[in-house]
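S.K.: Modelling step: build the complete structure from the supplied sequences, incorporating the hints.
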Amino acid sequence: MTAKTKTKRSKAQTSGSHGKGKAPLLEVQNLKTYFYTDDGVLTAVDGVDFQVAEGEVFGLVGESGCGKSVTSLSIMRLVDPPGEIVDGRILLQGEDLLAKKLAEMTRVRGRQISMIFQQPKSSLNPVFTIAEQIIEVFKIHENISDEEAKASAIELLRRVGIPDPERKANAYPHELSGGQAQRVMIAMALALRPKLLIADEPTTALDATIQAQILDLMQDLRDATDTAVILITHDLGVIAELADRVAVMYAGKIVEESDTITLFDRPLHPYTQGLMGSIPVLGEAKERLEVIPGNVPSLINLKPGCRFASRCAARQEYGLEICERVEPDLIEMEAGHKVRCWLYQEYEGHTPPLRKGGGR
Amino acid sequence: MTVQDAAVPQTEVQDYRNNSLLFLTFRRLFRQRNAQVGMVILGFLVLVAIFAPALAPYDPDRSLIGIEPVEKRAGPCIHALGCPSDQPQHIMGVDGNVRDQYSRIIYGTRISLFIGFSTIGLAVVVGTLIGAVSGYVGGWVDNVIMRFMDVILAFPSFLLAIAIITVLGRGLQNALYAIAVVNIPVFARLVRSSVLSIKELEFVAASRSLGASPLRILFVRILPNAIPTLIVQATLSIGAAILEAAALSFLGLGAQPPLAEWGTMLGSERNQVFTSPHLVFFPGIAIMITVLAFNLLGDGFRDAMDPRLAQLTKR
Amino acid sequence: MLQYIVRRLLLTIPVLLGILVVTFLIARAIPGDPCRSALGERATDAACEAFNRRMGLDQPVPVQLAIYMRQILLEGDFGDSIRYSRPVSLLLIERLPVTLELGVSALLIAILVGIPAGILSAVRRNSKVDVAAMVGANIGVSMPVYWLGLMLAYVFSIYLKDTPLWLPPSGRLTAGVIATPFYRVWDLSIAPGTVGAQVADFLSNLVLFNSLITGQWNVFSDGIKHLILPTVALSTIPLAIIARITRSSMLDVLGAEYVRTARAKGLRERAVVLKHALRNALLPIITVVGLQTGTLFAGAVLTETIFSFSGVGRALFDAITGRDYPVIQAFTVVIAIGYVAINLIVDICYAFIDPRIKIE
Numbered sequence: 001m002t003a004k005t006k007t008k009r010s011k012a013q014t015s016g017s018h019g020k021g022k023a024p025l026l027e028v029q030n031l032k033t034y035f036y037t038d039d040g041v042l043t044a045v046d047g048v049d050f051q052v053a054e055g056e057v058f059g060l061v062g063e064s065g066c067g068k069s070v071t072s073l074s075i076m077r078l079v080d081p082p083g084e085i086v087d088g089r090i091l092l093q094g095e096d097l098l099a100k101k102l103a104e105m106t107r108v109r110g111r112q113i114s115m116i117f118q119q120p121k122s123s124l125n126p127v128f129t130i131a132e133q134i135i136e137v138f139k140i141h142e143n144i145s146d147e148e149a150k151a152s153a154i155e156l157l158r159r160v161g162i163p164d165p166e167r168k169a170n171a172y173p174h175e176l177s178g179g180q181a182q183r184v185m186i187a188m189a190l191a192l193r194p195k196l197l198i199a200d201e202p203t204t205a206l207d208a209t210i211q212a213q214i215l216d217l218m219q220d221l222r223d224a225t226d227t228a229v230i231l232i233t234h235d236l237g238v239i240a241e242l243a244d245r246v247a248v249m250y251a252g253k254i255v256e257e258s259d260t261i262t263l264f265d266r267p268l269h270p271y272t273q274g275l276m277g278s279i280p281v282l283g284e285a286k287e288r289l290e291v292i293p294g295n296v297p298s299l300i301n302l303k304p305g306c307r308f309a310s311r312c313a314a315r316q317e318y319g320l321e322i323c324e325r326v327e328p329d330l331i332e333m334e335a336g337h338k339v340r341c342w343l344y345q346e347y348e349g350h351t352p353p354l355r356k357g358g359g360r
Numbered sequence: 001m002t003v004q005d006a007a008v009p010q011t012e013v014q015d016y017r018n019n020s021l022l023f024l025t026f027r028r029l030f031r032q033r034n035a036q037v038g039m040v041i042l043g044f045l046v047l048v049a050i051f052a053p054a055l056a057p058y059d060p061d062r063s064l065i066g067i068e069p070v071e072k073r074a075g076p077c078i079h080a081l082g083c084p085s086d087q088p089q090h091i092m093g094v095d096g097n098v099r100d101q102y103s104r105i106i107y108g109t110r111i112s113l114f115i116g117f118s119t120i121g122l123a124v125v126v127g128t129l130i131g132a133v134s135g136y137v138g139g140w141v142d143n144v145i146m147r148f149m150d151v152i153l154a155f156p157s158f159l160l161a162i163a164i165i166t167v168l169g170r171g172l173q174n175a176l177y178a179i180a181v182v183n184i185p186v187f188a189r190l191v192r193s194s195v196l197s198i199k200e201l202e203f204v205a206a207s208r209s210l211g212a213s214p215l216r217i218l219f220v221r222i223l224p225n226a227i228p229t230l231i232v233q234a235t236l237s238i239g240a241a242i243l244e245a246a247a248l249s250f251l252g253l254g255a256q257p258p259l260a261e262w263g264t265m266l267g268s269e270r271n272q273v274f275t276s277p278h279l280v281f282f283p284g285i286a287i288m289i290t291v292l293a294f295n296l297l298g299d300g301f302r303d304a305m306d307p308r309l310a311q312l313t314k315r
Numbered sequence: 001m002l003q004y005i006v007r008r009l010l011l012t013i014p015v016l017l018g019i020l021v022v023t024f025l026i027a028r029a030i031p032g033d034p035c036r037s038a039l040g041e042r043a044t045d046a047a048c049e050a051f052n053r054r055m056g057l058d059q060p061v062p063v064q065l066a067i068y069m070r071q072i073l074l075e076g077d078f079g080d081s082i083r084y085s086r087p088v089s090l091l092l093i094e095r096l097p098v099t100l101e102l103g104v105s106a107l108l109i110a111i112l113v114g115i116p117a118g119i120l121s122a123v124r125r126n127s128k129v130d131v132a133a134m135v136g137a138n139i140g141v142s143m144p145v146y147w148l149g150l151m152l153a154y155v156f157s158i159y160l161k162d163t164p165l166w167l168p169p170s171g172r173l174t175a176g177v178i179a180t181p182f183y184r185v186w187d188l189s190i191a192p193g194t195v196g197a198q199v200a201d202f203l204s205n206l207v208l209f210n211s212l213i214t215g216q217w218n219v220f221s222d223g224i225k226h227l228i229l230p231t232v233a234l235s236t237i238p239l240a241i242i243a244r245i246t247r248s249s250m251l252d253v254l255g256a257e258y259v260r261t262a263r264a265k266g267l268r269e270r271a272v273v274l275k276h277a278l279r280n281a282l283l284p285i286i287t288v289v290g291l292q293t294g295t296l297f298a299g300a301v302l303t304e305t306i307f308s309f310s311g312v313g314r315a316l317f318d319a320i321t322g323r324d325y326p327v328i329q330a331f332t333v334v335i336a337i338g339y340v341a342i343n344l345i346v347d348i349c350y351a352f353i354d355p356r357i358k359i360e
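Residue numbers (my numbering), protein chains in the order written: chain A, 1 to 360; chain B, 1 to 315; chain C, 1 to 360.
Read the hints as simulated data drawn from the structure, not as lab findings. Quantities reported herein were computed from a predicted structural model and do not represent experimental measurements. Hints should not be assumed to be uniformly reliable.
Claimed, not checked - Far from chain A by the CB rule (all over 12 Å, computed), these chain C residues: (1) 53; (2) 63; (3) 70; (4) 100; (5) 194; (6) 213; (7) 218; (8) 232; (9) 262; (10) 283; (11) 310; (12) 321.
To be verified - Listed below are several chain A residues computed to face chain C (Cβ distance under 7 Å; list not exhaustive): (13) 78; (14) 110; (15) 115; (16) 119; (17) 122; (18) 127; (19) 137; (20) 140; (21) 170; (22) 172; (23) 176.
Said to hold, decoys possible - Straight-line distance between alpha carbons at most 16 Å, and here's what the computed EDC-like set of lysine to aspartate or glutamate pairs gives: (24) 275/C x 324/A; (25) 121/A x 257/C; (26) 303/A x 324/A.
Just so you know, even glycine gets a beta-carbon here, dropped at the ideal spot from N, CA and C.
M.R.: Right under this line is the structure:
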């Protein structure tokens, strides 16, 4: 398996390596977000750890329902009931966001961390104009006159590539296309130059050509503002294009984490390998795309052991029985490359078949 | 293949059945506190109605003059609460014709439940037919029928019911017809929109191409889909119908004395409210509890069928 | 916007004409002999013939309709009440203000209490406040209006007699309290019999309005006291319904993606609810408020009966049961106009609130 080679990667790579030595901008420790449903406790996010360095683009990838969106909402503390953050710490420059009062948290939102969503059109309030919604961000966090705010809003619209921004500023969301709406969302999110932008499937709902434009826009703005980005997606192409480092999530846990190139070159976890197999690669003729058989398990009343065990081809191939008994840990196989799998981890009486040596 | 292997697909089948919409709906329904309370009250009322003769200590229609030494409109006398035991017990007092109000309230349950079920039953049947024809035939027939339904809906339903009774004449039976008529448009609209929404779906087209008759398609394929929404609306409408019937009787247009109907009881004693409030209080409470039961149950049904709302009831 | 309102007004003209025709026909469909219900069961045939000629009832129905339409449209004349032998317009001037004051105050209470209660319930869903409000609302919609009215009358005029909380059980004003019409207080000379005089009479029959502008405080407070119980009784059902729809509409909207965006911007929860959510939740609420006017009218018949108000509701009830055709026609037309007016107001509110509703 080879990673897609991208011209834009060079920049991403350098910023990725320079981010390594510094103290992390964001540190998520043992985050647990559960949903208390009628049918039982749904462990949507179950002990997630990761770090995002300043200026870094951190990809969070996985199938729908794996907990990546809930992770991002947890960072913003925007999980709606019946969901609840039950454990963990979320440190933004060393300050625990989960320990903050709600009033303090509102000062973080939009100013230090902002967010864009999957459905840009329904993420904008239908009864307010574009300008009103952007101006609001300034009015919340800054002491600024209406005229200044309006001028800044129009300037922002121009920067995100909205044509005729003076006129479009007075448009309502239903008068915009999906791509334009996402540009407006991006303008709103970056209005106050936050330290961290969380982009939750920013291009999924858009047409393919628009997707590329939005990704380019995000890349450009990120380069210009040096905002760190948590990029949440199920699309490995998007990850390859933008991300410096990637974490792969499966059923509420991170199963593999590394820098982007390594992940594409040497995916360790059988699930990651499966994901790689399910994307078409240019120039490589394949009879059919590989599909991971089975479904994500229900996150209510989980069985012990590895959450991927029931779908794992490698488990059968190597005849591992521990997978269904004990959950593996996220261990570091090589510098910056972590994986959660019994193929690599030792345990009482269990000898990992692929200990040291990386991918197959 | 071993026996154990054979068991696996079977449990899967079971799983699917357990997750059917109807099953989920009912499970949610039974978990809902509103619906639980509604069901308990309604069950209680049905039992009261069935066993009215056993529960009522007196004949509801017979005056006690000359039978017992009680005064006209005497207040409640409950032995357990300190009423002298040499006096006859009337836990809800005695009315203007010296009848035991408690017995009348108990028998009134029968009438109110009958009113609720019969009026809405009629409205559902007629409304379904009208709506189904309207939606299935379409074109000008649909237009004419639906405009007519709009006209009925445009009038305040209670005034329309009064007008209909004025045409038909006073009395319980005519009040029932009037209430049924004003309730028809809601069900007609409901069924029509349901018919319209699935008329063009594939499985209907498929049965049509297989040569099924239109009537068969309508009744076997299309109408069953409208049943859940019909149940919700009907349950809520029953409560409203009981309330409306009682109001008509209160004004003297519906059930006539001496029938032990709650609205009539309340209406005929309303001028005595300042001297004998118990004669107004108890029939009103009876009406309220009955209507409340249907409303709670209807709300419960609706919430149980709406997965969005079910999300919010968690925890 | 003005153009929209004008066009909407023009569209109501055919509706109103249709209402005139339909009410005429419905009134004629009510069986029974108006002569004998006016003159008594034992009126002679000759007397009845003369009566019918005087009232125009000897003409064929289409001719009656033509005469009726001409009178109303050209002369603004609704004819004379068969029962009271007085012009229907006088009856309207006397009775409509009573119902108007009752209905408007009930609707105001329903809105001013119902909407905040619904919002509070939605924001604190499943809290004690929510449960209490919704139990109250459920009981409210299940209560017979006339029963509540009677019980209130009993409690406040008998049980609380000789306390400051005492309230009168019936009537619009205490016997002996006489409101002087404003035009007499101000010595305005209005030629009797003109439209101006009719309007002036109508306005002076609005007890609260008249006493308020002329400073007749004893009349005003007496009028308020008499209005409290009927208003409370009449407002119960609309209040409960408005509270419920507000709650469910707010719950819908609070889960919307644009509300999440508003929170992500760093907006305080209060502003999220009152600015972003409420405005979107208002559409269904306004629809229901509009529909409640019908409920209010039905309730007015019962409330006016219990509290001995001589208003339109009671008059219409008497007219229907007494086959007073001109009164039925005129009052139904008035009610229908009220309906149309409220629909118009609702539509205009829609257009103001939601930019997606195209003003064409």
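S.K.: None of the hints should be skipped; say for each whether it holds.
M.R.: Here is what the structure says about each hint:
1. 53: Per Cβ check, residue 53/C is outside 12 Å of chain A; nearest 61 Å; holds.
2. 63: Correct as stated: the minimum Cβ-Cβ distance to chain A is 54 Å, above 12 Å.
3. 70: Label holds. Min Cβ-Cβ 47 Å, cutoff 12 Å.
4. 100: holds, 32 Å
5. 194: Non-interface label stands for residue 194/C: nearest chain A Cβ at 47 Å, farther than 12 Å.
6. 213: holds, 37 Å
7. 218: holds, 47 Å
8. 232: holds, 34 Å
9. 262: The claim is violated: residue 262/C sits with its nearest Cβ about 7 Å from chain A, within 12 Å.
10. 283: violated, 9 Å
11. 310: holds, 44 Å
12. 321: holds, 48 Å
13. 78: Residue 78/A check passes; min Cβ-Cβ to chain C is 6 Å, inside 7 Å.
14. 110: Nearest chain C Cβ about 3 Å off; hint holds.
15. 115: holds, 4 Å
16. 119: Check passed: Cβ of residue 119/A comes within 6 Å of chain C, closer than 7 Å.
17. 122: Hint holds; residue 122/A Cβ to chain C Cβ min 5 Å, cut 7 Å.
18. 127: holds, 5 Å
19. 137: Holds: closest Cβ of chain C sits about 5 Å from residue 137/A, inside 7 Å.
20. 140: holds, 5 Å
21. 170: At 10 Å from the nearest chain C Cβ, residue 170/A fails the 7 Å test, so the hint is violated.
22. 172: This interface hint holds because 4 Å falls under the 7 Å limit.
23. 176: violated, 12 Å
24. 275/C x 324/A: violated, 51 Å
25. 121/A x 257/C: Given that 16 Å is the threshold and the Cα spacing comes to 9 Å, the pair holds.
26. 303/A x 324/A: Holds, at about 8 Å.
Hint check: violations occur at hints 9, 10, 21, 23 and 24; the rest are consistent with the structure.
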